[in-house]
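**Student:** Residue numbers (numbering that gives the first Met the number 0), protein chains in the order written: chain L, 0 to 256; chain W, 0 to 245.
No lab work stands behind these hints: they were computed from the structure. Quick caveat: nothing in here was measured; it's all calculated off a predicted structure. Glycine residues also receive a C-beta, built at the ideal position from the N, C-alpha and C atoms. Wrong hints could be hidden among the right ones.
Lysine-lysine pairs mimicking DSS-like chemistry, simulated, CA-CA at most 27 Å apart [what the hints assert, rightly or not]:
#1 L:K43 <-> L:K140
#2 W:K185 <-> W:K242
#3 L:K45 <-> L:K140
#4 W:K74 <-> L:K43
#5 W:K120 <-> L:K227
#6 W:K185 <-> W:K128
#7 W:K15 <-> L:K43
#8 W:K20 <-> L:K226
#9 W:K233 <-> L:K140
#10 W:K28 <-> W:K111
#11 W:K66 <-> L:K140
#12 W:K71 <-> L:K140
#13 W:K224 <-> W:K205
#14 L:K45 <-> W:K242
#15 L:K140 <-> W:K224
#16 W:K224 <-> L:K226
#17 L:K226 <-> W:K74
#18 L:K227 <-> W:K97
#19 W:K205 <-> L:K227
#20 W:K97 <-> L:K216
#21 W:K20 <-> W:K71
#22 L:K140 <-> W:K128
#23 L:K45 <-> W:K74
#24 W:K97 <-> L:K43
#25 W:K116 <-> L:K140
#26 L:K140 <-> W:K111
#27 L:K227 <-> W:K116
#28 W:K120 <-> L:K43
#29 L:K226 <-> W:K119
#30 W:K74 <-> L:K227
#31 L:K140 <-> L:K227
Computed from the model, here is a short list of chain W residues facing chain L with C-beta under 10 Å [claimed, not checked]:
#32 K15
#33 L52
#34 N90
#35 F94
#36 K111
#37 K115
#38 M123
Each chain is listed here by its residues.
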Amino acid sequence: MININFILESTPKIFEAIPITLIMAFVAAALGWLLGLGIALIRKSKVPVLSQISAVFVSFMRGVPMVILLYISYYALPIMIYSYGLSIGITIDVNLVPPAIYAIIALTLDQAAYSSEVFRSSLDAVDAGQMEASYSIGMTKVQGLFRIVFPQSLAIAIPNLSGLFLGLVKGTSLAYYVGVYEITATANLLAIPAYNFIEAYIMTTFIYEVISFVLNKLFLIIENRLKKFRIEAVLQKKNIFEVVNYYGIHGAIRKHS
Amino acid sequence: MEYMVQLENIHKSFGKNQILKGVNMNIRKGEVVVILGPSGSGKTTLLRTINFLDSANEGSISVSNFKVNCNKHSKSQVIELRRKTAMVFQNYNLFQNKTILENVMEGLIVVKKYNKKEAKKVSMEILDKVGLLERCDYYPSQLSGGQQQRAGIARALIMDPDVILFDEPTSALDPELVGEVLNTIKAVSQTGITMIVVTHEISFAKEVASRVVFMEGGNIVEEGKPTEMLVNPKEPRTQQFLKRII
Chain L
0 MININFILES
10 TPKIFEAIPI
20 TLIMAFVAAA
30 LGWLLGLGIA
40 LIRKSKVPVL
50 SQISAVFVSF
60 MRGVPMVILL
70 YISYYALPIM
80 IYSYGLSIGI
90 TIDVNLVPPA
100 IYAIIALTLD
110 QAAYSSEVFR
120 SSLDAVDAGQ
130 MEASYSIGMT
140 KVQGLFRIVF
150 PQSLAIAIPN
160 LSGLFLGLVK
170 GTSLAYYVGV
180 YEITATANLL
190 AIPAYNFIEA
200 YIMTTFIYEV
210 ISFVLNKLFL
220 IIENRLKKFR
230 IEAVLQKKNI
240 FEVVNYYGIH
250 GAIRKHS
Chain W
0 MEYMVQLENI
10 HKSFGKNQIL
20 KGVNMNIRKG
30 EVVVILGPSG
40 SGKTTLLRTI
50 NFLDSANEGS
60 ISVSNFKVNC
70 NKHSKSQVIE
80 LRRKTAMVFQ
90 NYNLFQNKTI
100 LENVMEGLIV
110 VKKYNKKEAK
120 KVSMEILDKV
130 GLLERCDYYP
140 SQLSGGQQQR
150 AGIARALIMD
160 PDVILFDEPT
170 SALDPELVGE
180 VLNTIKAVSQ
190 TGITMIVVTH
200 EISFAKEVAS
210 RVVFMEGGNI
220 VEEGKPTEML
230 VNPKEPRTQQ
240 FLKRII
């Protein structure tokens, strides 16, 4: 039987763990995607040495299981920081660093690798003529990238980034293994004393579902905003008569099919 | 004699494939030079070396007395050269994420550092000239090819360049839309701006060009006044080409 009392009692406690899950996801995505964009640009413009290093990094990251990456970050990083501290004559108390930081580092690196591939393909998808046109009116490379190419490639990348982000939110549950009390860990720990695992897993599933649903909607809104320059997106807003009026009936059929 | 554009000994290869084999060209202020020639003759490449979209391997390019050495140039030199030129592309290449008005304003705001209000005013005037005032808030994907190309011309014109480069401006258009674009280019040519046009429109060349250049195999084969060269070409290769295309 489902223990309703357990659900009612533990729900507020699990809710308290939602922020740490979201913080890990948002911070890892923000840092990871920035890094990923950098890697994509380095690889696209074939910067010597850096581009080879990036390729190896991406290939390695895509091959290593998330849990192992978390363990590496949690166990190896503190030792490295500690011994580096000793080498310059400072004793760093690595135990003061909350485990969530190590989890964020691991998740960030993972996101950097995966998002770099998303960005690379979305940058490739923007017509080279866009950059040429920027150059032709005297813009610099940086101006052309930021004002013309990035907005277009972001619109292309958003659906994939959205998927990546939802995966990341669920990936944060692995931070349980390194002692971060996020949603899954909290639910599990609450379940242990009376073996209420079924209830706990039903609740966690429900919470992840709701979070994913809301985030998905959020990404759709962003996507539609970014794509406003694409005709398909405009079509959704206009009614069919306006479209026919504008393109003529054949044009409207062509645009619609 | 003062020249607006001077190309000296331009060489360009893509890998082992030599596209331009030492092209020389001097263009006076206000001249409209039309470059003709079969596919693969290097016309477009020549045009693209002028604003360094393709950088030539050898030679030098000078636009209104600003000379850049092709095998020894800095980034800032290239940018300065590009700011003296503007280009109209075969595939329009309008900024897809910007409206027609924003497309035209972009150069004024980013490159010429106009404030937004001023840039908008000037842009609206130029869009009116090319007949796109009512379409100014549309995105490029909502316009016909002819309208897009006219917007492309407006975007180039507004930079007040010393020379405008037209790279087959009507080749991607439906036949019925070619006329409106050619008329716009004709109107531009009457303002006295220096133009270099790569095209296959012979009748347009006849009407607008002050000089016609025929290229083949990376070299200039023949050049002259349109009335002479298009009617009575001297070189056999030019005769053959014109016979086939007319």
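**Student:** Next step is simple, just say for each hint if it's right about the structure.
**Tutor:** For each hint, the structure was consulted:
Restraint check: the Cα-Cα separation between L:K43 and L:K140 comes to about 14 Å, which is no more than 27 Å; the hinted pair holds. Pair hint W:K185 plus W:K242 holds up; C-alpha atoms about 25 Å apart against a cutoff of 27 Å. Restraint check for L:K45 and L:K140: satisfied, since their Cα atoms lie roughly 15 Å apart, inside the 27 Å limit. A hinted pair counts as satisfied when its Cα atoms are at most 27 Å apart, and W:K74 with L:K43 qualifies at roughly 19 Å.
A distance of roughly 24 Å separates the Cα atoms of W:K120 and L:K227; the hinted pair therefore holds under the 27 Å criterion. Between W:K185 and W:K128, the direct Cα distance comes to roughly 12 Å. Compliance with the 27 Å bound is thereby established for this hinted pair. In summary, the hint linking W:K15 to L:K43 is supported, as the alpha carbons are separated by about 24 Å, within the 27 Å threshold. The straight-line distance between the Cα atoms of W:K20 and L:K226 is roughly 45 Å, outside the 27 Å bound, and the hint therefore fails.
For the hint linking W:K233 to L:K140, the alpha-carbon distance of about 45 Å lies beyond 27 Å, and the restraint is violated. A threshold of 27 Å between alpha carbons decides the hint, and for W:K28 with W:K111 the separation of about 23 Å falls inside it, so the pair holds. With a C-alpha separation of about 22 Å, the suggested pairing of W:K66 with L:K140 holds against the 27 Å cut-off. This hinted pair checks out: W:K71 and L:K140 have alpha carbons roughly 19 Å apart, not beyond 27 Å.
A distance of roughly 9 Å separates the Cα atoms of W:K224 and W:K205; the hinted pair therefore holds under the 27 Å criterion. Distance check on the hinted pair: L:K45 and W:K242 sit about 47 Å apart at the alpha-carbon level, beyond 27 Å; violated. Restraint check for L:K140 and W:K224: the C-alpha separation of about 39 Å exceeds 27 Å, so the hint is violated. Straight-line distance between C-alpha atoms of W:K224 and L:K226 comes to about 49 Å, which puts the hinted pair past the 27 Å bound.
Only pairs whose Cα atoms come within 27 Å are accepted, and L:K226 paired with W:K74 is rejected, the gap being roughly 33 Å. The hinted pair formed by L:K227 and W:K97 meets the criterion: a straight-line CA distance of about 10 Å does not exceed 27 Å. Between W:K205 and L:K227, the direct Cα distance comes to roughly 43 Å. Violation of the 27 Å bound is thereby established for this hinted pair. Taking the CA atoms of W:K97 and L:K216, the gap is about 25 Å. The hint holds against a cut of 27 Å.
Restraint check: the Cα-Cα separation between W:K20 and W:K71 comes to about 19 Å, which is no more than 27 Å; the hinted pair holds. Taking the CA atoms of L:K140 and W:K128, the gap is about 30 Å. The hint is violated against a cut of 27 Å. Between L:K45 and W:K74, the direct Cα distance comes to roughly 18 Å. Compliance with the 27 Å bound is thereby established for this hinted pair. For the given pair, W:K97 sits about 24 Å from L:K43 by alpha-carbon distance, which is consistent with the 27 Å threshold.
Among the hinted pairs, W:K116 with L:K140 is consistent with the structure: their alpha-carbon atoms are about 25 Å apart, no more than 27 Å. For the given pair, L:K140 sits about 16 Å from W:K111 by alpha-carbon distance, which is consistent with the 27 Å threshold. Between the alpha carbons of L:K227 and W:K116 the distance comes to roughly 24 Å, so the proposed pair stays at or under 27 Å and holds. In summary, the hint linking W:K120 to L:K43 is not supported, as the alpha carbons are separated by about 38 Å, beyond the 27 Å threshold.
In summary, the hint linking L:K226 to W:K119 is supported, as the alpha carbons are separated by about 24 Å, within the 27 Å threshold. With a CA separation close to 34 Å, the supplied pair W:K74 and L:K227 exceeds the 27 Å bound. With a C-alpha separation of about 25 Å, the suggested pairing of L:K140 with L:K227 holds against the 27 Å cut-off. With a cut of 10 Å, the hint placing W:K15 at the interface with chain L is violated, because the nearest CB-to-CB distance is about 21 Å.
With a cut of 10 Å, the hint placing W:L52 at the interface with chain L holds, because the nearest CB-to-CB distance is about 5 Å. About 6 Å separates the beta-carbon of W:N90 from the nearest beta-carbon of chain L, less than 10 Å, and the hint is met. With a least beta-carbon distance of about 5 Å to chain L, the hint placing W:F94 at the interface is held under the 10 Å criterion. For W:K111, the interface hint holds, since its Cβ comes within 10 Å of a Cβ in chain L; the closest pair sits about 8 Å apart.
For the restraint placing W:K115 at the interface with chain L, the shortest Cβ-Cβ distance is roughly 14 Å, beyond the 10 Å limit, so the hint is violated. Interface restraint check for W:M123: the shortest CB-CB distance to chain L comes to about 18 Å, outside 10 Å, so the restraint is violated.
Figure legend: structure checked against the earlier numbered hints; hints not met, in rising order: 8, 9, 14, 15, 16, 17, 19, 22, 28, 30, 32, 37 and 38.
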